[in-house]
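> Chains as they are written, first to last, in full-length UniProt numbering: chain A, 1 to 192; chain B, 1 to 192.
Keep in mind that the hints are not guaranteed to be accurate.
Same chains, same names: a pair is fine if it fits in one copy or spans any two.
Derived DSS-like pairs (lysine-lysine); straight-line CA-CA distance at most 25 Å [claimed, not checked]:
(1) Lys34 - Lys145
(2) Lys173 - Lys139
(3) Lys37 - Lys59
(4) Lys191 - Lys145
(5) Lys145 - Lys59
(6) Lys126 - Lys59
(7) Lys53 - Lys145
(8) Lys173 - Lys145
(9) Lys37 - Lys139
(10) Lys191 - Lys173
These are computed hints drawn from the structure, not numbers from a lab.
2 protein chains.
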Amino acid sequence: MAALQKSIDKRNALIQATIELVNNDGFHATPMSKIAKMASVSPATIYLYFDNKQDLVNKTYIEVKAYYTAYAFETYDESMPVEVGFEVIWKRIAQFKIKESANALFLAQCDNTPMIDEESRQEGIKHLQPLLDLWARGKIEGVIKPLSDYLLYAYAINPLSFLMMAQNRGSVKLTKLELDQAFEAAWSSIKV
Amino acid sequence: MAALQKSIDKRNALIQATIELVNNDGFHATPMSKIAKMASVSPATIYLYFDNKQDLVNKTYIEVKAYYTAYAFETYDESMPVEVGFEVIWKRIAQFKIKESANALFLAQCDNTPMIDEESRQEGIKHLQPLLDLWARGKIEGVIKPLSDYLLYAYAINPLSFLMMAQNRGSVKLTKLELDQAFEAAWSSIKV
DNA sequence: ATATAGAAAATGAATGTTCATTCTTTTTTA
DNA sequence: TAAAAAAGAATGAACATTCATTTTCTATAT
């Protein structure tokens, strides 16, 4: 038990170090030795937990993605009206991008580069299903425009990623007002 | 004259090879030797045209960005009404993402990773000024919502990048209809 | 027009470093 | 005390960059 606990701590430390270093320097500019040092572990120890560098980053991606989607749907309930459901999910996602910005930044980087295996990427997409179901219901009820899921995502959700990245770079500071405005813009673009 | 011409050809070949290889493998997974081979040139020759690898990718970025913005504003004229001007620019940008997808993909990758120097990134942003001016005019005339430029960009322009990347990955195929729908969504989110 | 010397451009082969991964030994755990 | 976990040092490959030569240009003298 104590041993297992210790192992989990080490694994977590490795995952955290990977996120932070990849965020700062990018995947290929991050040596295993640096990850090990930041996790207070020998380089060789990494290979007790992961097969190799690619496996480490794939598993980190999947783990962060799972955390993200759990966070996103935390307060959502399928019995909510479409409009309410969308607002609830959208605001949780926004909150995630703000409060968990390191995690969010890591996901954005993974989604925008060839650093992740296509297989792991697919794995990550599945998790958004409840949102797709909500949109399907919204289309049937005539509340949401009959657009493809990709279009809905591009206008309703993805802009948050862009804003988060800009904020993280220091180019912009998202106020409460701007966040409300962003939600309005998102809703305007997909509502009937 | 003939010599200069030859030099420009080699430089272009190097830039093209950089774009293609970085798109496929990412910056740090692209060795200089591979770039040289694709450009039919010796590795040493790269250093006659660029200081080092970072300089090569910075210059490639700035060059592609300049091409992009020239393309975007090609058919725009400041005397146009705001609504028309926006549509004209938006559609040119869409066209660029579709017809010049390799260039567009390269820019997206640069904008979403730490691979480019902050200085080169700043350099690239300036070029969008005519669009910002158009928005300023639109706000004064009460045609466009009084949102920050980052918000406007996030909802009016950036979704195109997302759609382009998804299309490039084969996840979606943008039809003429979907492009029109995308424009409608973009306009809905920023118009008063 | 042609030949040629000197400069510029280009090359392939080194160089030295960095890094992922493995090996052998030591430490910790049960 | 034996098995598991961890460590640090070693290994070998990959890579950015440089070096020593060779090739190509160009401008001038014949």
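> Against each hint, give a clear statement of whether it holds in the structure.
Hints and how they fare:
1. Taking the shortest alpha-carbon separations for Lys34 and Lys145, neither the intra-copy value of 48 Å nor the inter-copy value of 47 Å comes in at or below 25 Å.
2. Proximity of Lys173 and Lys139 under a CA criterion of 25 Å is satisfied inter-copy only: 21 Å between copies versus 34 Å inside one chain copy.
3. In this assembly of identical chains, Lys37 and Lys59 lie within 25 Å of each other by CA distance solely inside one copy; the values are 19 Å within and 34 Å between copies.
4. Both within a single protomer and between protomers do Lys191 and Lys145 lie at most 25 Å apart by alpha-carbon distance, with minima of 6 Å and 17 Å respectively.
5. When the C-alpha separation of Lys145 and Lys59 is checked against a cutoff of 25 Å, the pair qualifies neither within a copy, at 36 Å, nor between copies, at 42 Å.
6. Proximity of Lys126 and Lys59 under a CA criterion of 25 Å is satisfied intra-copy only: 16 Å inside one chain copy versus 38 Å between copies.
7. For a Cα distance limit of 25 Å, the shortest separation of Lys53 from Lys145 qualifies neither inside one copy, at 43 Å, nor across copies, at 47 Å.
8. When the C-alpha separation of Lys173 and Lys145 is checked against a cutoff of 25 Å, the pair qualifies only between copies, where the shortest distance is 19 Å, while the shortest distance within a copy is 31 Å.
9. Within a single copy, Lys37 and Lys139 get their C-alpha atoms no closer than 51 Å, and across copies no closer than 52 Å, so neither meets the 25 Å cut-off.
10. Taking the closest pair of Cα atoms, Lys191 and Lys173 come within 25 Å of each other only across two copies (23 Å); inside a single copy the shortest separation is 27 Å, beyond that limit.
The structure fails hints 1, 5, 7, 9 (numbered hints given earlier, in ascending order).
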